[in-house]
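Protein sequences appear in the order of chains W and C. Okay, so the first sequence: first residue is 1 according to the UniProt record's numbering, each after it adds one. Okay, so the second sequence: first residue is 1 according to the UniProt record's numbering, each after it adds one.
Everything labelled a hint here was simulated from the structure, so no lab data went into it. Take the hints with a grain of salt, since some may be wrong.
No distinction is drawn between identical chains; accordingly, a pair holds when it is met within one copy or between any pair of copies.
Unchecked claim - Cross-link-like lysine to any residue pairs, in silico, SDA-like; alpha carbons within 20 Å at most: (1) Lys97 <-> His107; (2) Lys97 <-> Val109; (3) Lys61 <-> Ile168; (4) Lys61 <-> Leu167; (5) Lys55 <-> Leu131; (6) Lys97 <-> Glu111; (7) Lys42 <-> Pro188; (8) Lys42 <-> Thr9; (9) Lys97 <-> Ala46; (10) Lys45 <-> Pro155; (11) Lys42 <-> Arg103; (12) Lys42 <-> Pro10; (13) Lys55 <-> Arg136.
Remember, it's a predicted structure, so these values are computed and weren't measured experimentally.
Number of protein chains: 2
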Amino acid sequence: MSARRSRITPEREAELHEAVLDLLREVGYEALTMDAVAARTKSSKATLYRQWGSKPELVAKALRCTQPVSLGEIDTGTLRGDFARMVAHSDDAQMAKDTALMRGLAHAVHESPELHRALRDLLVDPEINGLQAMLRRAVARGEVRPDCPALDFVPHMLIGAFIALPLIEDRSVDREFLTQFIDAVVFPALGV
Amino acid sequence: MSARRSRITPEREAELHEAVLDLLREVGYEALTMDAVAARTKSSKATLYRQWGSKPELVAKALRCTQPVSLGEIDTGTLRGDFARMVAHSDDAQMAKDTALMRGLAHAVHESPELHRALRDLLVDPEINGLQAMLRRAVARGEVRPDCPALDFVPHMLIGAFIALPLIEDRSVDREFLTQFIDAVVFPALGV
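Work the whole structure out from these sequences, hints included.
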């Protein structure tokens, strides 16, 4: 922790992130301003810029805080255990809220390369890295063959399922669906 | 063919659909009007409404015409052959254009339940039905076990891959990716 970052408590940070997500749901990304965040959270714009850098970064970091656990933190000793832990940490109500939020952001991402980059750097890439570390450990333990071609496609399977389910069946992913999809598709593809 | 439908030639219909797609790319779904389509195609609005019913149906039918082949038409005698035919009919340049177009429509779909319904009825459901018929034949031939749990998730895998790849790797699906994904994920999950 640098001195710069320590000026704000974790509680205050969580409060600010929640306010940003509320504003995002209310007005959308385009209409969200740093002025509105400052007013809503009774903080100065200088503090916001010092702590978060920019609006895209603020939004990406606020979204990261909705994640119950980072995949990089999960290490149970088996791949089945790691996936079960991932599902156990998921929250059905939160996933439904996230689906609505991400749907609203999908449009903004294509309009704003800065938002695209911030979401990728702060949200997507760290999780994909965590997932790949999980898979490398499974290969090292002999659970998955090192030349298994599905190893390259696990992010596509998981992220694809999250986006495809609302389109195909008009519902958000929940723990039951995640468990069924992982058992029916991800493990067989990996030969687990 | 009913008398009503025969008033327009297939060539003229294709011309109209191409004009609708051009307008969609230029102005987006919200700003697209039946007046603009009528002006662009030098046809009367009465003809447009008689032939297509409504703006959402016109857009869905125009999009359907960009598909090189309907999955329901493919029946080579083996599941591997059916998927190979599906990939062979895909056109890399067309898939890239479709990705951009669908990205623009994703926002409109959530604003317009009528567009959502038209895309589902005219575009998504017929392809999912064609895919399911393909899988049922594979089960009947003994290529896939009837209780294989992945049978329920083939649309999620394929549609998910189409949407997840641009997000994860910043590129559109092409025939090479489709082939790799089907070989690495879909066939192993189905036990083929």
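Here is how each hint holds up against the structure:
1. Lys97 <-> His107: both (17 Å within a copy, 17 Å between copies)
2. Lys97 <-> Val109: Both. Shortest intra-copy (18 Å) and inter-copy (18 Å) distances satisfy the 20 Å Cα cut-off.
3. Lys61 <-> Ile168: Intra 30 Å, inter 19 Å, cutoff 20 Å: inter-copy only.
4. Lys61 <-> Leu167: between (27 Å within a copy, 18 Å between copies)
5. Lys55 <-> Leu131: Answer is neither; intra-copy 28 Å and inter-copy 43 Å both fail.
6. Lys97 <-> Glu111: between (22 Å within a copy, 17 Å between copies)
7. Lys42 <-> Pro188: Intra 52 Å, inter 55 Å, cutoff 20 Å: neither.
8. Lys42 <-> Thr9: within (15 Å within a copy, 65 Å between copies)
9. Lys97 <-> Ala46: neither (30 Å within a copy, 43 Å between copies)
10. Lys45 <-> Pro155: For Lys45 and Pro155, neither the intra-copy (37 Å) nor the inter-copy (46 Å) Cα distance is at most 20 Å.
11. Lys42 <-> Arg103: Answer is neither; intra-copy 28 Å and inter-copy 37 Å both fail.
12. Lys42 <-> Pro10: within (16 Å within a copy, 63 Å between copies)
13. Lys55 <-> Arg136: This pair counts as neither: shortest intra-copy Cα distance 35 Å, inter-copy 50 Å.
In terms of the numbered hints stated before, the structure departs from hints 5, 7, 9, 10, 11, 13, listed from lowest to highest.
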